[in-house]
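Peer 1: Each protein sequence line maps, in turn, to chains A and B. Okay, so the first sequence: first residue is 24 according to my numbering, each after it adds one. Okay, so the second sequence: first residue is 134 according to my numbering, each after it adds one.
Because the hints were derived from the structure by calculation, they are not lab data. Even glycine gets a Cβ: it sits at the ideal position worked out from N, Cα and C. A portion of the hints provided could be inaccurate.
[Stated by the list, open to error] Pairs of lysine-lysine, DSS-like flavour, derived with a Cα cap of 27 Å:
{"no.": "1", "chain 1": "A", "residue 1": "K160", "chain 2": "A", "residue 2": "K90"}
{"no.": "2", "chain 1": "A", "residue 1": "K329", "chain 2": "B", "residue 2": "K307"}
{"no.": "3", "chain 1": "A", "residue 1": "K329", "chain 2": "B", "residue 2": "K310"}
{"no.": "4", "chain 1": "A", "residue 1": "K58", "chain 2": "A", "residue 2": "K86"}
[Claimed, not checked] Just the calculated beta-carbon pair ranges, DEER-fashion:
{"no.": "5", "chain 1": "A", "residue 1": "T89", "chain 2": "B", "residue 2": "Q309", "range": "45 to 51 Å"}
{"no.": "6", "chain 1": "A", "residue 1": "V341", "chain 2": "B", "residue 2": "V233", "range": "53 to 59 Å"}
{"no.": "7", "chain 1": "A", "residue 1": "D131", "chain 2": "B", "residue 2": "T299", "range": "43 to 49 Å"}
{"no.": "8", "chain 1": "A", "residue 1": "V245", "chain 2": "B", "residue 2": "A285", "range": "43 to 49 Å"}
{"no.": "9", "chain 1": "A", "residue 1": "I32", "chain 2": "B", "residue 2": "A285", "range": "45 to 51 Å"}
{"no.": "10", "chain 1": "B", "residue 1": "I287", "chain 2": "A", "residue 2": "K160", "range": "36 to 42 Å"}
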Amino acid sequence: MLDTIILLITTILKIVAIVIPLLISVAYLTLAERKVIGSMQVRVGPNRVGWKGMGQPFADLFKLLTKEIIVPTNASRFLFLTAPILSLAPAFAAWAVVPFADGVVLADINAGLLYVLAMTSIGVYGVIIAGWASNSKYAFLGSMRSAAQIVAYEIAMGFSLIGVLMVAGSLNLGDIVRAQEGGFFSWFLIPLFPLAIVYFISGVAETNRAPFDVAEGESEIVAGYQVDYSGMAFAVFFLAEYANMIMISVLAVVMFLGGWLSPIPFIPDGIHWFFAKTALMLFFFLWFRATFPRYRYDQIMRLGWKVFIPVTIVWIAVVGVAIYFGIGPWFDIRTGVTG
Amino acid sequence: MSFELFLFYFFAAITVGAAACVISVRNPVHAAMFLVLTFFSTACIWMLLEAEFLAITLVLVYVGAVMVLFLFVVMMLDVNVEPLREGFVKYLPWGAAVGVLMFIEMAFLITQRYFQSENFPAPAASGPEYSNTEALGVLLYDQFLFQFEVAAVILLVAIVAAIALTMRRRPETKYQKPHQQIDVSKSDRLRVVQMPSEKR
Chain A
24 MLDTIILLIT TILKIVAIVI PLLISVAYLT LAERKVIGSM QVRVGPNRVG
74 WKGMGQPFAD LFKLLTKEII VPTNASRFLF LTAPILSLAP AFAAWAVVPF
124 ADGVVLADIN AGLLYVLAMT SIGVYGVIIA GWASNSKYAF LGSMRSAAQI
174 VAYEIAMGFS LIGVLMVAGS LNLGDIVRAQ EGGFFSWFLI PLFPLAIVYF
224 ISGVAETNRA PFDVAEGESE IVAGYQVDYS GMAFAVFFLA EYANMIMISV
274 LAVVMFLGGW LSPIPFIPDG IHWFFAKTAL MLFFFLWFRA TFPRYRYDQI
324 MRLGWKVFIP VTIVWIAVVG VAIYFGIGPW FDIRTGVTG
Chain B
134 MSFELFLFYF FAAITVGAAA CVISVRNPVH AAMFLVLTFF STACIWMLLE
184 AEFLAITLVL VYVGAVMVLF LFVVMMLDVN VEPLREGFVK YLPWGAAVGV
234 LMFIEMAFLI TQRYFQSENF PAPAASGPEY SNTEALGVLL YDQFLFQFEV
284 AAVILLVAIV AAIALTMRRR PETKYQKPHQ QIDVSKSDRL RVVQMPSEKR
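Isolated chain A, as found in the complex (with noise of 0.2 Å):
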């Protein structure tokens, strides 16, 4: 009995010491987001709160708690608040199997991968309810959009990760990044770069991120699903939104890019590499956001289902063939099955 309170503290402190940073990276990634674009379009961003604008999250933060949240006289009350939290548990319930260096993740599980999916594929939920309950033509729209976009997508992200549980042998998120230990040029994104580069686009088409943001589309339909939020409940969806970007970033660390292995054998590896190569990915987010004009939607349904699938089942026969006949050093893998 001592030994499952004991079990229950120590596991409550570990996801603290998971969401607690994880929060406050969302915080700065915000901060990020509109210092990075700022420079990319030769202007300072903010810079008045705190050192250097450092303080501008929390400012944002205090604002958004302090709005009243209004619920539209003809909304479906209870589903209308229970959207945000809907986007919101599965965006931080993904973070239980990631692993952050060797051996330090919350649940070691075999099927890692698949929990990541499974997670990520339920936070649509948040957007399709929260669209329906505004009871407001833009949501719905809005919510339609994401909704169809979303399932295009994770099609193509799930071929691609089928790559990599084919080369790594394993659906445990630490023992693929171990798989790729030997330096950079073991990665995997070497290998599968083209199901890296689909992976990676079709995350930032899963996020609603722009290029793909046409579910909110702030010219067409205001701000999609998100409307009609005010307040603390809108800050939800945001916080979902970046914990999201973090979490795509996170997965596309640890199976295309050897998650905490350092580029260079000799160097040490740490969990240092793990948050330098998150970041670069991030960085990635932001630069597409200031890069690429908003795609019309029926051009992402186009790239999603007539291009992307079609690329990742291709390269998954190539990889096939190539773990058949054992083209070394990523393919000549031999699992532990026995038939």
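Chain A is already provided as a structure; the job is to place chain B on it using the hints.
Peer 2: For chain B alone, kept in the frame of chain A given last:
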């Protein structure tokens, strides 16, 4: 009562309650959300059975994809509930008959000699090293490869049939042809005219 048993009853209660709500709530979107909850808590029960691959797949496929599409359709319908209720009394005997029949069938199955739960003792819990996914993969791609491939072909045929049945080519719709768009050169679209500037 062990902790697992407590968890089982907890999830089972949620499953049954949510399933009852699916058919009793009036709003179709609420019903769909209760169905999502039913699937999710069923996945939790499967997790207790150490069937983690099936449990996660249930969440991934049914909760993450099937129900999203379901909700997609249900949300767009503006169902008027009243006409649906008109035939309730008329169809009640038929519904009751089907229900009773199903109940009898299930009762037969469960109380039969060969299907009693004593004949199926719980398998010993396997250690943390045992990978459900791997075991399932070995079975599917090794022992039952032929059946698995047949199932895959049937599914493919179903996909092709579904698309063939529902696709309508409307001649008036303008489709984008990206390969033609890419092939366009400057000379197709633009003519540069050289001319001296004219006096007013």
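Peer 1: It remains to establish, for every hint, whether it holds in the given structure.
Peer 2: To see whether the hints hold, each was checked on the structure:
1. A:K160 / A:K90: holds (24 Å)
2. A:K329 / B:K307: Judged against 27 Å, a Cα distance of about 18 Å means the pair holds.
3. A:K329 / B:K310: holds (12 Å)
4. A:K58 / A:K86: Holds, because 20 Å separates the two Cα atoms, which is no more than 27 Å.
5. A:T89 / B:Q309: 45 to 51 Å: holds (47 Å)
6. A:V341 / B:V233: 53 to 59 Å: Cβ of V341 of chain A to Cβ of V233 of chain B: about 56 Å, so the range 53 to 59 Å holds.
7. A:D131 / B:T299: 43 to 49 Å: holds (45 Å)
8. A:V245 / B:A285: 43 to 49 Å: Holds: the Cβ-Cβ distance is about 44 Å, inside 43 to 49 Å.
9. A:I32 / B:A285: 45 to 51 Å: holds (47 Å)
10. B:I287 / A:K160: 36 to 42 Å: holds (41 Å)
Hint check: no violations occur; every hint is consistent with the structure.
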